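2 protein chains.
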Amino acid sequence: VAKVAVVGAGQTRFGALPSGGRALFAEAVQAALSSVDKGMAPGEVEEAWIGSVGTGGWQLGNLAALAGEEAALSSIGLHRVENACASSGFAFRDAYLAVKSGAVQVALAGGLEKMTDLSGAHQRYWLGVSGETEWERLAGLTFGGVYGLIASRHFREFGTGREDLARVAVKAHRNASKNPAAHFRKEISIEDAMTAPAVSEPLHLYDCCPVSDGATAAILASEEVARKWTDSPVWVRGSGAATDLLAVHQRESLTSLGATKKAARAAMREAGVSVRDVKVAEVHDCFTIAELIALEDLGFAPAGGAAKMTADGETGIGGRIPVNPSGGLKAKGHPLGATGTGQVCELFKQLRGQADKGREVKGAEVALAHNVGGSGATCAVHVLGI
Amino acid sequence: VAKVAVVGAGQTRFGALPSGGRALFAEAVQAALSSVDKGMAPGEVEEAWIGSVGTGGWQLGNLAALAGEEAALSSIGLHRVENACASSGFAFRDAYLAVKSGAVQVALAGGLEKMTDLSGAHQRYWLGVSGETEWERLAGLTFGGVYGLIASRHFREFGTGREDLARVAVKAHRNASKNPAAHFRKEISIEDAMTAPAVSEPLHLYDCCPVSDGATAAILASEEVARKWTDSPVWVRGSGAATDLLAVHQRESLTSLGATKKAARAAMREAGVSVRDVKVAEVHDCFTIAELIALEDLGFAPAGGAAKMTADGETGIGGRIPVNPSGGLKAKGHPLGATGTGQVCELFKQLRGQADKGREVKGAEVALAHNVGGSGATCAVHVLGI
Numbered sequence: 010v011a012k013v014a015v016v017g018a019g020q021t022r023f024g025a026l027p028s029g030g031r032a033l034f035a036e037a038v039q040a041a042l043s044s045v046d047k048g049m050a051p052g053e054v055e056e057a058w059i060g061s062v063g064t065g066g067w068q069l070g071n072l073a074a075l076a077g078e079e080a081a082l083s084s085i086g087l088h089r090v091e092n093a094c095a096s097s098g099f100a101f102r103d104a105y106l107a108v109k110s111g112a113v114q115v116a117l118a119g120g121l122e123k124m125t126d127l128s129g130a131h132q133r134y135w136l137g138v139s140g141e142t143e144w145e146r147l148a149g150l151t152f153g154g155v156y157g158l159i160a161s162r163h164f165r166e167f168g169t170g171r172e173d174l175a176r177v178a179v180k181a182h183r184n185a186s187k188n189p190a191a192h193f194r195k196e197i198s199i200e201d202a203m204t205a206p207a208v209s210e211p212l213h214l215y216d217c218c219p220v221s222d223g224a225t226a227a228i229l230a231s232e233e234v235a236r237k238w239t240d241s242p243v244w245v246r247g248s249g250a251a252t253d254l255l256a257v258h259q260r261e262s263l264t265s266l267g268a269t270k271k272a273a274r275a276a277m278r279e280a281g282v283s284v285r286d287v288k289v290a291e292v293h294d295c296f297t298i299a300e301l302i303a304l305e306d307l308g309f310a311p312a313g314g315a316a317k318m319t320a321d322g323e324t325g326i327g328g329r330i331p332v333n334p335s336g337g338l339k340a341k342g343h344p345l346g347a348t349g350t351g352q353v354c355e356l357f358k359q360l361r362g363q364a365d366k367g368r369e370v371k372g373a374e375v376a377l378a379h380n381v382g383g384s385g386a387t388c389a390v391h392v393l394g395i
Numbered sequence: 010v011a012k013v014a015v016v017g018a019g020q021t022r023f024g025a026l027p028s029g030g031r032a033l034f035a036e037a038v039q040a041a042l043s044s045v046d047k048g049m050a051p052g053e054v055e056e057a058w059i060g061s062v063g064t065g066g067w068q069l070g071n072l073a074a075l076a077g078e079e080a081a082l083s084s085i086g087l088h089r090v091e092n093a094c095a096s097s098g099f100a101f102r103d104a105y106l107a108v109k110s111g112a113v114q115v116a117l118a119g120g121l122e123k124m125t126d127l128s129g130a131h132q133r134y135w136l137g138v139s140g141e142t143e144w145e146r147l148a149g150l151t152f153g154g155v156y157g158l159i160a161s162r163h164f165r166e167f168g169t170g171r172e173d174l175a176r177v178a179v180k181a182h183r184n185a186s187k188n189p190a191a192h193f194r195k196e197i198s199i200e201d202a203m204t205a206p207a208v209s210e211p212l213h214l215y216d217c218c219p220v221s222d223g224a225t226a227a228i229l230a231s232e233e234v235a236r237k238w239t240d241s242p243v244w245v246r247g248s249g250a251a252t253d254l255l256a257v258h259q260r261e262s263l264t265s266l267g268a269t270k271k272a273a274r275a276a277m278r279e280a281g282v283s284v285r286d287v288k289v290a291e292v293h294d295c296f297t298i299a300e301l302i303a304l305e306d307l308g309f310a311p312a313g314g315a316a317k318m319t320a321d322g323e324t325g326i327g328g329r330i331p332v333n334p335s336g337g338l339k340a341k342g343h344p345l346g347a348t349g350t351g352q353v354c355e356l357f358k359q360l361r362g363q364a365d366k367g368r369e370v371k372g373a374e375v376a377l378a379h380n381v382g383g384s385g386a387t388c389a390v391h392v393l394g395i
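Protein chains in written order, with my numbering: chain A, 10 to 395; chain B, 10 to 395.
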């Protein structure tokens, strides 16, 4: 079986940025190319998959063509992938499969989103369109609302409380404070989180990820070609993708995402690892409750067990399994279509021992990226390793 | 190198249809599954790529999850691919690469679009968003306008005239009149085309494809698995994808699409065939001028030579190289995201000798599908063969 390596990964800062979407993507592609040890020119990339929800409509159709153009990728095959907030997780899978097939030797997976130039109402529209339309969006249910319902149910089934969520937020902000690329660089206390205004009970301000601009890119290469570009490749050891029903009320459970479980099983099976082998993970924490549920669905904790695991410090830097050392969606930020390959950017650095001081996960050889679309209808999981 | 087969392909009728987008896609998937000789259940499909521009916003984000759900494809990995009118040509390439990689044994590529429930202004918006935003759409240039400019330039460079375009339309309507799945089933005369009202000079009514609803799907399988499902597989012999600058004024030429040339070269090289080996083709004739240019860019005719070739009857049924035996986008119809795999549906039948009476291309063993996004910024070409 052909092995596929990540030989470069780079991103813009996440946050409220002055640049437009195209310029952000060009910056991320350049950062990824520059991160390749031997230095890579854009012309080496043979095909690219670009994740974007397309927020704001600056270029709604054929977006990949325009984004690629500014990043000096034009003339090669460019694909726009849209799976809501999992867009670039799926773009990464597409690029992985393309290299694995032998048809492409060097592929780029990336993502971009420009959101902060929109008015509040327009932002709500573009965030809302990835929710189910008939039963959720048009009935007024926002993503904050969906995750509020999920959190309430988790509280009821497992006795989780607001302080359990607050601990996730505090950890995220602590990690992000050491990440120069993060949207939020400010540490917060449990008290800050507990006393912040409510957004959608039981979720308060610090339980919610921000609306961010940003772009990310990763460069994948076949084993043979990878050795030309770096002596320290990061291998894609496993990849899994799965789907669930879009409307949350139709699912079997509110406190577990079936797509996460299925995608993670597939990725770990392909990688030949169990969850105990994973030493660092970036998980999709669009809300604090989502991190707890991800830890449970991925198998790091039993159902209902992630709150204790977090309280015991197991998910912090230096803990048993550091989770979201980047700060996660929660504090690193969440530019929808850029988030999935953003997780890869973080893990690429962690596995190569290049993470920023104070949030390094030392000695990690196996990492997991978990990217969710919407409230869990789509999910892509990747296992990376050195 | 792993071989990839198309073992099934099916579609809805194209036209102004009462069903919504989800129902249309479910119907197309069912038609594709039923077309598999041994009969296939939805549960056999391991992953799917779904092309859609997402017209109308009935589900703009995470559309693949919802479309797959109604087609009984939920729980597997579903990817929405958006490359304007080439969305499902690129979805087909993604599915091809996935099967070729060995990670997936049975994949589905498809597409859907629901357009006729929109008001005229809303249709113009959704058609326009795949054009370049800054220089074209916001300046008032529609796709009819872009192709009108292209046609004018072609007239000037090569002496092409309105009657040359009319012959393309007459052929398209003749073929579509024998295709029960086509949007237009009515033959037209050269005089009808010449005297029809102007849309965007020199393009008149019959030079333009209609706004259609429709959905399409193709089922791809690895060689090993394909033999279980059919004794008559159609092989994907070559696949190519390429991109050009989005804004037409920035391109080197108005009368040639660089992305077509590059994608075709790649697909034919992989297939090990030359254009002379191709015995039937479905090309992207969103406007009649686009068919002439496609024939020239693909190499069926020299630059400026496609009008004569058409006048000589070489592209008609029974001609040297029948082009758009389905009726093409022009008369079979053009449900944006569904068009690319719709071309595959036609060629699957043609190569297996199952095309409708009166428009069969007898004895064809190599076929070519050419799918263009927008005014040529993206292009996917596939060579199929038996």
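Because the hints were derived from the structure by calculation, they are not lab data. Please note: incorrect hints may appear among the correct ones.
Derived pair list, reagent style DSS-like, types lysine-lysine, alpha-carbon separation capped at 30 angstroms [what the hints assert, rightly or not]:
#1 B:Lys12 / B:Lys317
#2 A:Lys12 / B:Lys12
#3 A:Lys237 / B:Lys12
Please read all numbers here as calculations on a predicted model, not as lab measurements.
Hints, verified against the model:
1. Under the criterion of a C-alpha separation no larger than 30 angstroms, the hint pairing B:Lys12 with B:Lys317 is inconsistent with the structure, at around 38 angstroms.
2. For the suggested pair A:Lys12 and B:Lys12, the alpha carbons sit about 19 angstroms apart, so the restraint of at most 30 angstroms is met.
3. Taking the CA atoms of A:Lys237 and B:Lys12, the gap is about 28 angstroms. The hint holds against a cut of 30 angstroms.
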